[in-house]
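Student: Chains Z and B are the protein sequences, given in the same order. Numbering-wise (my numbering), the first sequence opens with residue 1 and increments by one. Numbering-wise (my numbering), the second sequence opens with residue 1 and increments by one.
A few of these clues could be false.
Cβ-to-Cβ under 8 Å is the rule here; a few derived chain Z residues that face chain B [stated by the list, open to error]:
| # | residue |
| --- | --- |
| 1 | Gly32 |
| 2 | Phe34 |
| 3 | Ala65 |
| 4 | Leu87 |
| 5 | Leu157 |
| 6 | Met161 |
| 7 | Thr197 |
| 8 | Leu212 |
| 9 | Val216 |
| 10 | Ala248 |
| 11 | Val249 |
| 12 | Gly252 |
| 13 | Ile256 |
| 14 | Pro263 |
Read the hints as simulated data drawn from the structure, not as lab findings. All residues carry an ideal CB built from backbone N, CA and C; glycine is no exception.
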Amino acid sequence: MSVWYEGNIVLIQTTLIYALLSLSFQVVLRAGVFSLASVGFYGLGAYTFAMLTLHGTNVWLAFLAVIVAAVVLGLLVGMLVNRLRGLYLALFTVAFDLILTVVATNGGDLTGGPVGLFGVPPVLGTGGMAVLVVIAVLVVWQLERHSLGRSFEALRLNEDMARSVGVEVGRRRMVVFCTSAVLGACAGVANISAFTTISPQTAGFPLVTTGLTMAVLGGIGRWQGALIGAVIVAWLPEVLGDVGDYQAVVNGAIIIVLVVFAPDGVLGLAIRGWRRLRRRREPEPGPPTSAPAPDQTVQERV
Amino acid sequence: MQQVLNALVLWSIYVLFALGLSLAWGTLNVLNLAHGATFMFGAFSVVLLSEHADIPFGVLVPLAMVFGGLISVLLDLLVFRPIRARVGNSREAELLMLIGSVGAASIMVTIAQQATDDSPFGIPEGSALRSAVYRFGGFSISTIQIVIIVLGVALAALLGWWIRSSRYGRALRAVAFDGETAQLMGVNPGRLSTATMFAAGALAGLASVLLISHVGALTPTSGDNLLLKAFAMIILGGIGSIAGVLAGAAVVAVGETLVLTFTSGTWVDAASFAIIIAVILIRPQGIFVAQKADRV
Numbered sequence: 001m002s003v004w005y006e007g008n009i010v011l012i013q014t015t016l017i018y019a020l021l022s023l024s025f026q027v028v029l030r031a032g033v034f035s036l037a038s039v040g041f042y043g044l045g046a047y048t049f050a051m052l053t054l055h056g057t058n059v060w061l062a063f064l065a066v067i068v069a070a071v072v073l074g075l076l077v078g079m080l081v082n083r084l085r086g087l088y089l090a091l092f093t094v095a096f097d098l099i100l101t102v103v104a105t106n107g108g109d110l111t112g113g114p115v116g117l118f119g120v121p122p123v124l125g126t127g128g129m130a131v132l133v134v135i136a137v138l139v140v141w142q143l144e145r146h147s148l149g150r151s152f153e154a155l156r157l158n159e160d161m162a163r164s165v166g167v168e169v170g171r172r173r174m175v176v177f178c179t180s181a182v183l184g185a186c187a188g189v190a191n192i193s194a195f196t197t198i199s200p201q202t203a204g205f206p207l208v209t210t211g212l213t214m215a216v217l218g219g220i221g222r223w224q225g226a227l228i229g230a231v232i233v234a235w236l237p238e239v240l241g242d243v244g245d246y247q248a249v250v251n252g253a254i255i256i257v258l259v260v261f262a263p264d265g266v267l268g269l270a271i272r273g274w275r276r277l278r279r280r281r282e283p284e285p286g287p288p289t290s291a292p293a294p295d296q297t298v299q300e301r302v
Numbered sequence: 001m002q003q004v005l006n007a008l009v010l011w012s013i014y015v016l017f018a019l020g021l022s023l024a025w026g027t028l029n030v031l032n033l034a035h036g037a038t039f040m041f042g043a044f045s046v047v048l049l050s051e052h053a054d055i056p057f058g059v060l061v062p063l064a065m066v067f068g069g070l071i072s073v074l075l076d077l078l079v080f081r082p083i084r085a086r087v088g089n090s091r092e093a094e095l096l097m098l099i100g101s102v103g104a105a106s107i108m109v110t111i112a113q114q115a116t117d118d119s120p121f122g123i124p125e126g127s128a129l130r131s132a133v134y135r136f137g138g139f140s141i142s143t144i145q146i147v148i149i150v151l152g153v154a155l156a157a158l159l160g161w162w163i164r165s166s167r168y169g170r171a172l173r174a175v176a177f178d179g180e181t182a183q184l185m186g187v188n189p190g191r192l193s194t195a196t197m198f199a200a201g202a203l204a205g206l207a208s209v210l211l212i213s214h215v216g217a218l219t220p221t222s223g224d225n226l227l228l229k230a231f232a233m234i235i236l237g238g239i240g241s242i243a244g245v246l247a248g249a250a251v252v253a254v255g256e257t258l259v260l261t262f263t264s265g266t267w268v269d270a271a272s273f274a275i276i277i278a279v280i281l282i283r284p285q286g287i288f289v290a291q292k293a294d295r296v
């Protein structure tokens with residue numbers, strides 16, 4: 001066990017970082033907020049943490065500062081984008097991510113320019129990251145439960161309908177946006193304390209596609225989906241080792257197949273498979289024709 | 001004057017690239033993130049071909065257009081159409097198509113990276129356009145620059161006419177406005193989306209083969225940068241609007257030239273992102289499109 005752990009420590013830490021980022025994407029997507037700003041907050045978290053600790057700030061104080069910065073910027077950007085929907089929101093948030101990378105590239109000594117910052121003390125360790133992931137899961141889980149969780153789901157499925165039954169759309173969207181911002185910033189802090197460096201390219205467009213892929217592959221309906229997506233994306237290259245150089249081709253093909261045939265992600269696929277299996281085992285309660293076909297909304301609610 | 005010419009060449013390339021993207025987005029509601037990879041692959045496939053046989057430049061250009069068009073149609077058949085058929089909720093379909101196109105893009109980019117060892121590729125000597133340079137006083141223009149500007153303007157005009165006046169164009173606008181009603185009126189949305197995607201891919205292929213003969217070489221990731229700039233142009237002009245793309249491309253081309261003259265080169269990319277953010281906040285429907293409540 002410990003030999004396996006030592007040999008795969010990079011992959012394990014990557015999985016934990018990805019899990020935070022994936023949750024950050026999932027929490028907004030689940031509420032129908034098509035925001036890709038998580039990567040921007042990832043960069044914000046990593047850079048803030050690196051700049052503060054490199055100047056001798058206490059690690060916990062730096063972490064606190066990151067959270068505060070993420071909430072403040074999250075509120076600001078959230079206010080700006082609260083009236084945007086769909087692809088407009090997606091594009092706006094991508095532009096937000098990329099403008100931060102340009103600023104970081106031109107930040108001079110403060111951000112280390114195109115090279116970035118390095119030599120940040122690795123404070124969190126695998127245990128610390130695992131604790132962060134557990135806390136993140138608890139938070140996201142609470143946002144999925146009870147009437148609050150259902151109101152987010154209603155926002156995704158039909159915003160006008162949700163508004164008509166009294167869901168405060170604007171405020172709910174701000175809540176998920178800020179949660180996503182903090183989770184993204186935590187992923188950035190986890191990343192820098194695992195690998196001790198941050199550069200503008202690492203928080204660029206490829207990370208946006210990685211994060212989006214993780215969230216959708218696993219299934220955006222539940223937090224378990226985000227974790228499954230993170231595990232798949234982190235470990236697929238290792239599993240596909242034999243395919244060698246054309247690994248990204250296989251990744252791309254898997255993404256396409258999943259998106260086309262399992263739009264609710266691996267988790268949705270598993271749930272549907274499990275239901276079908278159970279229905280086959282148990283005798284049908286009535287004549288087969290009267291059994292209602294489980295439609296999309298019922299599946300998603302359960 | 002020379003700067004103006006350079007900006008004009010840049011503008012033509014931007015227009016050719018962004019027109020297809022805007023067309024697919026405005027009419028089929030597809031934000032095709034594989035458009036940049038399609039662009040790159042158009043040039044890449046003719047470079048591969050011309051390494052094995054001496055093909056004249058005049059044949060390479062239509063070949064690149066056909067390759068780009070076919071890739072785009074394939075993407076529509078394998079990814080976008082199945083998703084549209086399976087997912088009823090249009091917002092979820094948008095998201096899934098976007099991610100599917102990311103997967104497709106990574107396939108194309110990886111194949112090109114493996115085949116070229118991730119290094120720039122260009123058209124070999126034998127097939128390249130023999131370019132002459134013409135001088136008028138202190139001002140010089142090369143054959144390829146003339147070709148780029150002429151094709152850029154001509155195709156933009158042709159596409160504009162196609163959308164506005166042809167049967168296809170009218171059917172396309174009808175589908176974009178209300179797909180179900182259009183279908184009741186006898187429009188075949190499948191054939192229409194194939195034609196549109198082919199046109200979009202062909203324009204990308206054309207842009208890439210022109211750009212590669214102008215600047216000499218492209219890299220497997222050349223398309224990605226262009227893709228983000230194209231978003232800025234399309235958002236600025238209004239999604240699906242041809243005149244909007246022309247204006248948007250002009251603003252981005254001039255804006256980048258200005259940023260390049262007044263600051264160090266590293267701020268250039270911020271120009272397009274700043275345009276995206278400013279336009280979405282102030283006038284999200286773009287300059288050339290009337291208010292359309294549905295989109296935002």
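Student: Now look at each hint and say whether the structure bears it out.
Tutor: Each hint tested on the structure:
no.: 1; hint: Gly32; result: holds (7 Å)
no.: 2; hint: Phe34; result: holds (6 Å)
no.: 3; hint: Ala65; result: violated (25 Å)
no.: 4; hint: Leu87; result: holds (5 Å)
no.: 5; hint: Leu157; result: holds (7 Å)
no.: 6; hint: Met161; result: violated (12 Å)
no.: 7; hint: Thr197; result: violated (20 Å)
no.: 8; hint: Leu212; result: holds (6 Å)
no.: 9; hint: Val216; result: holds (5 Å)
no.: 10; hint: Ala248; result: holds (4 Å)
no.: 11; hint: Val249; result: holds (5 Å)
no.: 12; hint: Gly252; result: holds (4 Å)
no.: 13; hint: Ile256; result: holds (4 Å)
no.: 14; hint: Pro263; result: holds (5 Å)
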